[in-house]
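2 protein chains.
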Amino acid sequence: MARLSEHGIRLSSMSPSFLNSNSTSHTGPFSAVAELIDNASDPGVSAKQIWIDVTDEAGHPCLTFTDNGSGMTPNKLHKMLSFGFTEKGSARASQQAIGVYGNGFKSGSMRLGRDALIFTKNGGCQTVGMLSQTYLENIKAQAVIVPIVPFSQQTKSLVVTEDSEASLAAILQHSIISTREQIHAHFDSIPSKKGTKILIWNIRRAKDAKTEIDFETDVSDFRLPKIQIEELKKGLRSGGSARAEQSIPDLHYSLRAYLSILYMKPRTQIILRGTKVLAKLVSRRLSHTEHDVYKPHFSKEKVKVTFGLNPNKDHYGIMMYHKNRLIKAYEKVGCQLKTSGQRAGVGVVGIIECNFLKPAHNKQDFEYTKEYRLTLGALGLKLNDYWKEVTEKMARERELQSLDRLKNADESPMWVQCEECLKWRSVPAHHYSAVPESWSCSQNPNPRYRSCSSPEEEEESEEQLAPSYQKNHRKQEHPRNRKREAALETCESLESSGHQTLSRSWSEPGRLALRPTRSPDHSAAGDEGRAGGGGA
Amino acid sequence: MARLSEHGIRLSSMSPSFLNSNSTSHTGPFSAVAELIDNASDPGVSAKQIWIDVTDEAGHPCLTFTDNGSGMTPNKLHKMLSFGFTEKGSARASQQAIGVYGNGFKSGSMRLGRDALIFTKNGGCQTVGMLSQTYLENIKAQAVIVPIVPFSQQTKSLVVTEDSEASLAAILQHSIISTREQIHAHFDSIPSKKGTKILIWNIRRAKDAKTEIDFETDVSDFRLPKIQIEELKKGLRSGGSARAEQSIPDLHYSLRAYLSILYMKPRTQIILRGTKVLAKLVSRRLSHTEHDVYKPHFSKEKVKVTFGLNPNKDHYGIMMYHKNRLIKAYEKVGCQLKTSGQRAGVGVVGIIECNFLKPAHNKQDFEYTKEYRLTLGALGLKLNDYWKEVTEKMARERELQSLDRLKNADESPMWVQCEECLKWRSVPAHHYSAVPESWSCSQNPNPRYRSCSSPEEEEESEEQLAPSYQKNHRKQEHPRNRKREAALETCESLESSGHQTLSRSWSEPGRLALRPTRSPDHSAAGDEGRAGGGGA
Numbered sequence: 001m002a003r004l005s006e007h008g009i010r011l012s013s014m015s016p017s018f019l020n021s022n023s024t025s026h027t028g029p030f031s032a033v034a035e036l037i038d039n040a041s042d043p044g045v046s047a048k049q050i051w052i053d054v055t056d057e058a059g060h061p062c063l064t065f066t067d068n069g070s071g072m073t074p075n076k077l078h079k080m081l082s083f084g085f086t087e088k089g090s091a092r093a094s095q096q097a098i099g100v101y102g103n104g105f106k107s108g109s110m111r112l113g114r115d116a117l118i119f120t121k122n123g124g125c126q127t128v129g130m131l132s133q134t135y136l137e138n139i140k141a142q143a144v145i146v147p148i149v150p151f152s153q154q155t156k157s158l159v160v161t162e163d164s165e166a167s168l169a170a171i172l173q174h175s176i177i178s179t180r181e182q183i184h185a186h187f188d189s190i191p192s193k194k195g196t197k198i199l200i201w202n203i204r205r206a207k208d209a210k211t212e213i214d215f216e217t218d219v220s221d222f223r224l225p226k227i228q229i230e231e232l233k234k235g236l237r238s239g240g241s242a243r244a245e246q247s248i249p250d251l252h253y254s255l256r257a258y259l260s261i262l263y264m265k266p267r268t269q270i271i272l273r274g275t276k277v278l279a280k281l282v283s284r285r286l287s288h289t290e291h292d293v294y295k296p297h298f299s300k301e302k303v304k305v306t307f308g309l310n311p312n313k314d315h316y317g318i319m320m321y322h323k324n325r326l327i328k329a330y331e332k333v334g335c336q337l338k339t340s341g342q343r344a345g346v347g348v349v350g351i352i353e354c355n356f357l358k359p360a361h362n363k364q365d366f367e368y369t370k371e372y373r374l375t376l377g378a379l380g381l382k383l384n385d386y387w388k389e390v391t392e393k394m395a396r397e398r399e400l401q402s403l404d405r406l407k408n409a410d411e412s413p414m415w416v417q418c419e420e421c422l423k424w425r426s427v428p429a430h431h432y433s434a435v436p437e438s439w440s441c442s443q444n445p446n447p448r449y450r451s452c453s454s455p456e457e458e459e460e461s462e463e464q465l466a467p468s469y470q471k472n473h474r475k476q477e478h479p480r481n482r483k484r485e486a487a488l489e490t491c492e493s494l495e496s497s498g499h500q501t502l503s504r505s506w507s508e509p510g511r512l513a514l515r516p517t518r519s520p521d522h523s524a525a526g527d528e529g530r531a532g533g534g535g536a
Numbered sequence: 001m002a003r004l005s006e007h008g009i010r011l012s013s014m015s016p017s018f019l020n021s022n023s024t025s026h027t028g029p030f031s032a033v034a035e036l037i038d039n040a041s042d043p044g045v046s047a048k049q050i051w052i053d054v055t056d057e058a059g060h061p062c063l064t065f066t067d068n069g070s071g072m073t074p075n076k077l078h079k080m081l082s083f084g085f086t087e088k089g090s091a092r093a094s095q096q097a098i099g100v101y102g103n104g105f106k107s108g109s110m111r112l113g114r115d116a117l118i119f120t121k122n123g124g125c126q127t128v129g130m131l132s133q134t135y136l137e138n139i140k141a142q143a144v145i146v147p148i149v150p151f152s153q154q155t156k157s158l159v160v161t162e163d164s165e166a167s168l169a170a171i172l173q174h175s176i177i178s179t180r181e182q183i184h185a186h187f188d189s190i191p192s193k194k195g196t197k198i199l200i201w202n203i204r205r206a207k208d209a210k211t212e213i214d215f216e217t218d219v220s221d222f223r224l225p226k227i228q229i230e231e232l233k234k235g236l237r238s239g240g241s242a243r244a245e246q247s248i249p250d251l252h253y254s255l256r257a258y259l260s261i262l263y264m265k266p267r268t269q270i271i272l273r274g275t276k277v278l279a280k281l282v283s284r285r286l287s288h289t290e291h292d293v294y295k296p297h298f299s300k301e302k303v304k305v306t307f308g309l310n311p312n313k314d315h316y317g318i319m320m321y322h323k324n325r326l327i328k329a330y331e332k333v334g335c336q337l338k339t340s341g342q343r344a345g346v347g348v349v350g351i352i353e354c355n356f357l358k359p360a361h362n363k364q365d366f367e368y369t370k371e372y373r374l375t376l377g378a379l380g381l382k383l384n385d386y387w388k389e390v391t392e393k394m395a396r397e398r399e400l401q402s403l404d405r406l407k408n409a410d411e412s413p414m415w416v417q418c419e420e421c422l423k424w425r426s427v428p429a430h431h432y433s434a435v436p437e438s439w440s441c442s443q444n445p446n447p448r449y450r451s452c453s454s455p456e457e458e459e460e461s462e463e464q465l466a467p468s469y470q471k472n473h474r475k476q477e478h479p480r481n482r483k484r485e486a487a488l489e490t491c492e493s494l495e496s497s498g499h500q501t502l503s504r505s506w507s508e509p510g511r512l513a514l515r516p517t518r519s520p521d522h523s524a525a526g527d528e529g530r531a532g533g534g535g536a
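In the order they appear, the protein sequences are chains D and E. The opening position of the first sequence corresponds to residue 1 in full-length UniProt numbering, with each subsequent residue numbered one higher. The opening position of the second sequence corresponds to residue 1 in full-length UniProt numbering, with each subsequent residue numbered one higher.
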C-alpha cells in the first residue's frame with residue numbers, strides 16, 4: 001500500500017470508499033447539484049448557460065450537466081478528478097470564485113450517483129474522464145484511479161499518452177457507454193465548440209428502490225418526493241398524518257425554487273429540463289423593504305443588509321450569501337430566536353452577502369467561528385431594530401393588515417439579465433407584467449443601456465452605503481435610560497412599551513423613514529469588483 | 001503530477017490543501033474533538049480511558065488526546081493517516097462502531113490545528129507519525145506525504161524501513177519536537193503499555209489571534225469564548241447588546257457539557273483537563289418521562305423513543321443518536337415546528353437511537369433521505385401524542401405548575417459505570433445523592449451484580465418493547481371523526497378541544513397512563529448487541 005514520494009517518504013493513500021465518505025457532507029441532492037453549477041459559473045469556466053437534465057442512457061436514468069464554458073485540458077481534468085487542487089483561491093479569480101476547496105465535483109457528483117463520466121472540449125482537445133465507484137469496486141482497486149482519454153477535437157483520433165489506451169479500455173468496459181462512437185456522440189451533444197458535459201449514472205435511490213429525486217411529479221423540475229401517508233402509517237402501526245412535513249420553504253423540495261435564489265445575481269443561466277430557471281431576487285418578494293449596513297470590526301468591508309416582510313410569514317430569518325452564492329437560508333437571529341413569550345420578528349427576512357466569513361465543506365453552512373457568531377449577533381440587533389421600526393410604523397398608520405400584503409414591491413425597478421452579454425439591467429417596474437423569459441439589451445426602454453457594450457449600471461458604492469431608514473424609535477428616545485441588554489427583550493413587546501431606549505447615532509442625516517429602497521436589494525458592498533465581469 | 005497505478009491508469013491525486021478542505025465539514029471544534037474520542041472508543045481500540053488536555057510544548061499551546069486503547073502497528077497508522085480506510089464497516093465490528101467513513105482523524109485533527117503528531121504503542125512496536133500542513137507547505141509538497149517512524153518498544157531503537165530514516169529526519173526538522181528523546185518522552189507519557197497519544201499544535205485561532213477555544217474561563221473545560229459587548233459595538237458603530245447569544249444549550253459552548261451527553265452509554269471514560277466527564281443521561285433530567293416505540297417500515301428494528309419535559313423549557317426537541325453517539329441535538333418535530341398560533345410542544349425533549357439512518361460527513365447531521373424524513377414525520381406525530389397526553393394529564397390534576405418542577409426523576413434508578421469493567425449497573429435512586437465520581441462493581445448494593453464478572457443487566461428486548469403509556473386521548477375519542485391531517489393542527493389547542501380524533505390501536509393492553517418508565521431511558525432496541533461488549 002505504501003507508495004513513496006519523491007521525498008522518500010510514503011504518501012497518504014486514498015481508498016475508493018473515500019469517494020462515498022467525502023460525498024456525505026451533502027445531506028441532500030440539491031447542494032450537490034449546486035456544486036456542479038458553481039463549477040460552471042466560476043472563473044476559468046464562466047459558462048453562459050448550463051443545462052441540467054435527466055436522460056435515459058442504455059435503459060438507466062442519468063443526470064446530465066452540460067455547459068458552454070471554456071472546457072478543460074486533460075491536465076486540468078485530472079486536477080478536477082483529484083482532491084484539493086483549485087486555482088480559485090488566489091489572484092484575481094478569488095474575487096468572483098465561489099469554489100475554494102477543490103472538492104465540489106467529487107463531493108457533488110458522488111452524492112448524486114455512484115459513477116460519473118466527464119466529457120470536455122476546449123477547442124483543440126476533447127477529453128473524457130471517469131470517476132466511478134462501480135469501476136473501482138469491479139477491479140478491486142486499492143486506490144482511486146481515474147481513466148482519462150484525450151482525443152484531437154479536429155480529427156477525433158485518440159491522443160496516445162502513457163495511460164490513454166488503458167483508460168479508454170477501462171471506460172468502454174466499465175462505464176455506461178461501450179463504444180467510441182458513443183463517446184463522440186456525447187462530445188457532439190455539447191452545443192458549442194467549448195464546454196463540458198457531466199453524465200452521472202447509478203443515481204442514488206431510497207430503500208424503496210425509487211430514485212431519491214422525483215422526476216415525475218413535475219416534468220420541468222427535480223423534486224424531493226412527498227412522504228406518503230401509507231409510509232408513515234406503517235411506521236406507526238396505525239393512523240398517521242399526511243402533514244408529516246410542515247409548511248417548509250419550497251427551496252427544500254423543489255430544485256427549481258432552490259436554483260432561483262441560489263445566486264444573488266446569477267452569471268450563468270440555468271436551464272432545468274428545458275426550461276430556464278428565472279432568477280428571483282429574494283428581496284423583491286418582500287414588503288416594507290429597508291436596508292441597514294453592517295461593518296464587522298474584523299473586516300474592511302461594509303456590507304448592506306436588506307430587511308423586509310415575507311408575505312408567507314412562516315418563512316423568516318436571514319438569507320446568508322457568500323460570494324454571490326446562497327449558503328444559509330432562513331437563519332433565525334435576534335428576537336426570532338425567542339422561544340417563549342410573544343412572537344417577535346416572525347415574517348422578517350434579511351439578506352446579506354458575507355464574504356468575510358468562511359463557508360463549510362458543503363457550502364450549506366459557515367464555519368462556526370467567533371466572526372460568524374459576532375455576525376449573527378449583529379444581524380440580530382439590526383433585525384430587532386427593523387422589527388421595532390416596522391411594527392411601530394404600521395401601528396401608527398393603522399395598517400397592521402398590510403403585513404399580509406405586498407407593498408412597495410412595484411415601486412422598485414425590475415432587474416432583467418441580457419441573454420447575450422449577461423449584464424443585469426433595471427427597467428421600470430411597470431414596463432413588464434412579469435420578468436420576461438428571454439431578454440437582451442436591445443429591448444431596454446432606457447436608451448443609455450440599450451447596447452451590450454454599455455457597462456452595467458453602478459450600484460451603491462461602499463462609501464455611499466448607509467441605512468435606508470432613520471431608526472426613529474432610537475432618536476425619539478432618551479439615551480442610556482435602560483441597559484443595553486434591553487434590546488432583545490424589548491422587541492417582544494413593541495406596542496405596549498413605546499419608550500425603550502438604545503442610544504445610537506447615524507452618520508447620515510435623516511432620510512425618510514421606511515421609504516422604498518433606492519437601489520436593487522441585491523446590491524452590496526464588494527459587488528463593484530463583479531460588475532461587468534460576467535462571462536469573461 | 002500524474003502517477004500511474006498498477007493498472008497503468010493514473011491515480012487521483014491529493015493536494016496538501018485538501019487537508020484543510022476536508023476539515024471544513026466540522027463547523028466547530030467540538031465535533032472535531034468528538035471524532036478523536038470516537039476513534040478511541042471504537043472496536044479495535046476500545047480504550048478504557050481517554051485524557052484530553054491542553055499543554056505547553058516549546059512555548060506553544062497544544063491539544064493532547066491520550067488513550068489506553070490497543071495502539072497501532074505502523075501499517076495501521078498509515079491507514080489512519082490515509083483516507084477512507086476503515087475496517088469498522090464490516091463484520092461484527094459494525095454493531096458497535098461509530099466510525100464508518102475512515103475520515104475522523106483527518107477531519108477532526110486538521111480542524112483543531114494545522115499539525116498533528118501521533119504516538120502509538122501496541123506492545124511490541126512504538127510508532128510516531130505526522131500529518132502536518134506546515135511541513136507540507138515548507139517542503140512545497142505536491143501531494144500529502146506522511147512520515148511514519150517505528151521503534152522497537154523494548155530497545156527503543158529505530159526500525160529501519162524504506163522510509164523510516166527520512167521520516168524521522170522530517171519529523172525532527174519540521175515538527176514541534178526536535179530530538180529523539182522528546183519522541184520517547186511522549187511514548188512514555190502514555191500511561192499504559194499500549195495506547196495512543198495525539199498531539200496537535202498550531203491550534204486554530206480567531207482573527208483576533210486568540211485561540212478559538214477559551215482555555216481560561218474554566219480551567220477544567222474547553223469553552224467557546226463569549227462574544228464581548230465591545231466587539232458587537234464596533235460592528236454596529238454604536239450601542240449594542242451583550243445578549244447577542246440567546247440562552248443556548250450549554251453543549252454548544254462547553255465541551256464538558258457536550259461530552260457528558262455525547263454517548264447514550266459511554267464505554268470510554270473521558271478525563272478532560274484532569275477531571276472525569278460525568279455521563280449525564282439526558283432523560284434523567286426530564287420530568288414526566290414516558291416511552292413510545294417506533295418501527296420504521298423500512299427497517300427490521302423497533303426503537304424506543306423516550307419523551308419528557310425539560311425543566312429548561314427553552315431547550316426542546318429530539319436528541320438523535322446513532323450507534324450510541326449523539327448526532328443531532330434538540331431537533332424540532334411535529335407541533336414544535338409551528339411558527340404561528342399557540343406554542344405547542346415547547347419543553348418536550350425526545351431521545352432516540354436511529355441506527356437505521358446514515359450520519360453525514362461530520363456526524364452532526366443525518367443524510368437527508370426519505371427514510372430520515374419519514375422518521376422525523378413519525379417522531380413528530382409521537383411527540384404530538386405525548387404533548388396531548390401530558391398536558392391533558394396535568395390539566396386534570398391541576399398541576400400545570402409542575403411543568404417547571406422535576407418530577408418522577410427520583411423514582412427511576414441511577415445508572416453508574418464500573419471503573420474496572422466499564423459495565424453499567426443500576427442502583428436505587430436514593431442510594432447516592434449524586435452520581436459518584438469513582439465507582440466499581442464491588443460497591444454495588446445489589447449482591448447479584450457486585451462483581452465485574454456478572455453480565456450487564458438486561459435491557460428491554462425488542463419483543464417486549466411497547467409504549468409505556470396508554471394514549472388515553474386516542475381511546476376516548478371517536479375514530480375517524482376527523483381527517484388524519486388534524487393531528488398536527490390539534491396539538492396547538494389541547495385544552496380547548498377535548499375531542500380530537502385519531503384512530504390507533506395498541507398491541508399492548510392498558511398500562512397505567514403516565515407512570516414512570518420501568519427501564520433506564522437510554523435503553524433501546526438494538527442495544528443488546530452492545531451489552532457486555534465494552535472494553536473488549
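In short, the hints are calculated from the structure, not lab data. Treat the hints loosely; a few may be bogus.
Because identical chains cannot be distinguished in the list, a pair is counted as satisfied if it fits within a single copy or across any two copies.
Derived DSS-like pairs: lysine-lysine, alpha-carbon spacing no greater than 25 Å straight-line [said to hold, decoys possible]:
| id | residue 1 | residue 2 |
| --- | --- | --- |
| 1 | Lys358 | Lys328 |
| 2 | Lys194 | Lys338 |
| 3 | Lys194 | Lys76 |
| 4 | Lys328 | Lys226 |
| 5 | Lys193 | Lys276 |
Just so it is clear, the structure is predicted and the values come from calculations on it, not from any experiment.
Each hint tested on the structure:
Both within a single protomer and between protomers do Lys358 and Lys328 lie at most 25 Å apart by alpha-carbon distance, with minima of 12 Å and 22 Å respectively. In this assembly of identical chains, the alpha carbons of Lys194 and Lys338 never lie at most 25 Å apart, being 53 Å within a copy and 50 Å across copies at closest. Only within a single protomer do Lys194 and Lys76 lie at most 25 Å apart by alpha-carbon distance; the minimum there is 14 Å, versus 46 Å between protomers. For the homomeric pair Lys328 and Lys226, the shortest alpha-carbon distances inside one copy (23 Å) and between copies (23 Å) are both at most 25 Å.
For the identical chains of this complex, Lys193 and Lys276 are intra-copy neighbours only, at 22 Å inside a copy versus 65 Å across copies, given an alpha-carbon limit of 25 Å.
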